[in-house]
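Starting from the known structure of chain A, arrange chain B on it as the hints suggest.
Going line by line, the protein sequences match chains A and B. Residues in the first sequence are numbered consecutively from 1, following the working numbering. Residues in the second sequence are numbered consecutively from 1001, following the working numbering.
None of these hints come from the bench; they were simulated from the model. Backbone N, C-alpha and C fix where the C-beta goes; we use that ideal spot for every residue, glycine too. Heads up, none of these hints are tricks.
To be clear about the criterion: a stretch of chain A counts as covered by chain B if any three or more of its residues have a C-beta under 8 Å from a C-beta of chain B, and this derived list gives those stretches:
1. 88 to 98
2. 108 to 122
3. 213 to 221
4. 258 to 272
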Amino acid sequence: MLGFIASLIDGVLVGLVYGLAAMGITLIWGVMDVINLTHGTMIVAGMFALYLLTSAFGINPYITLPPVLIGGFLVGVALYYIAVHRMIGQPPLMSFLSTFAVNLVLIGIGTGIWGTVLFNVPVSLPGLTLGRYTFPGVHIVAAILAAVIATGLYLFLRHTRLGKAVRAVANNREAAELVGIPTTQVLAVAFGFGVSLACVSGVLIGTLFPFTLLTGDAYQLKSFIVTVLGGFGNPVGALIGGLALGVLEGAVTPFVPVSWTLVIEFVLFVLVLIAFPNGVFLRRRRAL
Amino acid sequence: MPHIVGRPFFWIIALVIVAFVVAPLIGNDVGLRESLILAAVYIVLASNLNLMLGYTGYVNFGSIVFFGLGGYICVWLVSAHEWPLALSLLAAGVGVSALAFIFGLGILRLRGHFFALATIGIVEAAQAFASNFEPWGGSSGIYLSTEVFAPLGGPRQALWVIYFAMVAAMGLSLYLSYAIKTSKFGLGLLAIGQNEDAAAILGVPTPRYKALVYSASAFLPAVVGGLYFFKSAFIQPTDAFDLNLSTEAMVITMLGGAGTVTGVALGAYLYEELRGYLLTSEMFSNFQLVIAGALLLVIVLFFPSGLMGWLYARFPRLQRVLE
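For reference, chain A alone in the conformation it holds in the complex (with noise of 0.2 Å):
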């Protein structure tokens, strides 16, 4: 029993780190309704950033976020700019297609230089012992990280006038252009700002568990399962959905084999989209 209460601790502290990530997938849902397909890949792109500096300069794992971050956030602009700027208004077919395009291309071009071998990033931090428990020093702190940064990417939304304008567009782009918003920038903005979240849940994510470059498939899907259980363009909603999927994932380890999450997690994620279209935590759908 004790085990299983201290999987469900562990549950939570991964479950904050999948909702950073899927924060990154809903903003840019909720402010232009496109689904970014390169989300997978821009995870596994924080992890090889991570895996890179901290290969190439021997610095402190956690000293790689603020260049991710920033690193992150231009890439985004520029993806923003190449791919996903002419299908703004489109039918949902276009941006998908769009987006799953230049995904191919990133993966194409990251097989052909380091191939699908698996990396891994040692992190030491000593853990938190509970009697028998020791719940492991880089879950706790990427925990803590994920918290950190989905507060200050809150607090961002709501309080400064970049933040007002992205929320603004959210709500209604039309009006959003007649009181002078720069429409086109803002939304180069929010899309740059969830591919960050993206690189840098990454970056937690690869102090966590081993990866390859083909890992981000993976956390892709886990990132949809939270945000349809959170509720689509909601990033609080996401936070929760995390959350709840790391409590499912802690819930469900100590009996069934690893291999099974996967199949367990997309099946509960299309029953939840059959019975709530909306959302399971947060039913009405805000903007932002």
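Using the frame of chain A, we list chain B on its own:
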């Protein structure tokens, strides 16, 4: 499908099939046969994907699941239960189709975005299932012994039999696309693609139609999957649910022009040629996915109606003959 027999386009498809049958027979050209067999696989996958993507506008990232599951069912029946090939293929097609119908009734209640997300999940789930399912050999897959080719007259002759079966599946795919497009059912599907709410209000039974077309688009890919993996005498999860192949099917559909029958076949042929060139050139052979992705991006951004859209704009009269 009786309403299409005898129309000009019917004979055009027949001509293509005859060309596929005759071309490699002249001079017993095995190399040509191998490249045409791949073109046939592309045409089957792309034209069945087109039933969803082109007609109803639903993005199905999981079309490869039909191919992979069909392959698994067929290879498994042949190896573990010693069923004859024809029966195994039929079982694969019917089984996967039925599965798609049942599953489709559920997930096709999801619209647009959500359906596409669910299909991404299906690929992951199918792969995870195949890697964990013991009777299918888990992640190491199933191997066939060469004895399975004996009923078809030995390995050499079996390859020809498989080729003709593949061409037959290709022809059926094209006729199926054509027949559906020109039927009332197809009209309903195209209406769903234009505006699903309006179609529902005008009396198109949208959930049933979508599930039906999803299921119809599963049959031939499953059969071809069976043939394909029977031919290679080996199947494992990463090959069966290969992202490349499902991507290529999508590139082909968009390249030729989504929603057209001719375009998809043309796109498949062109893509096969391009791929042959890329594989032999030293510089690009490792970057096939990159080229496919870049091609898709350019088409989506600048030529969303594909090759046929361009042709129709140049020669509007073609629309009367081609579909």
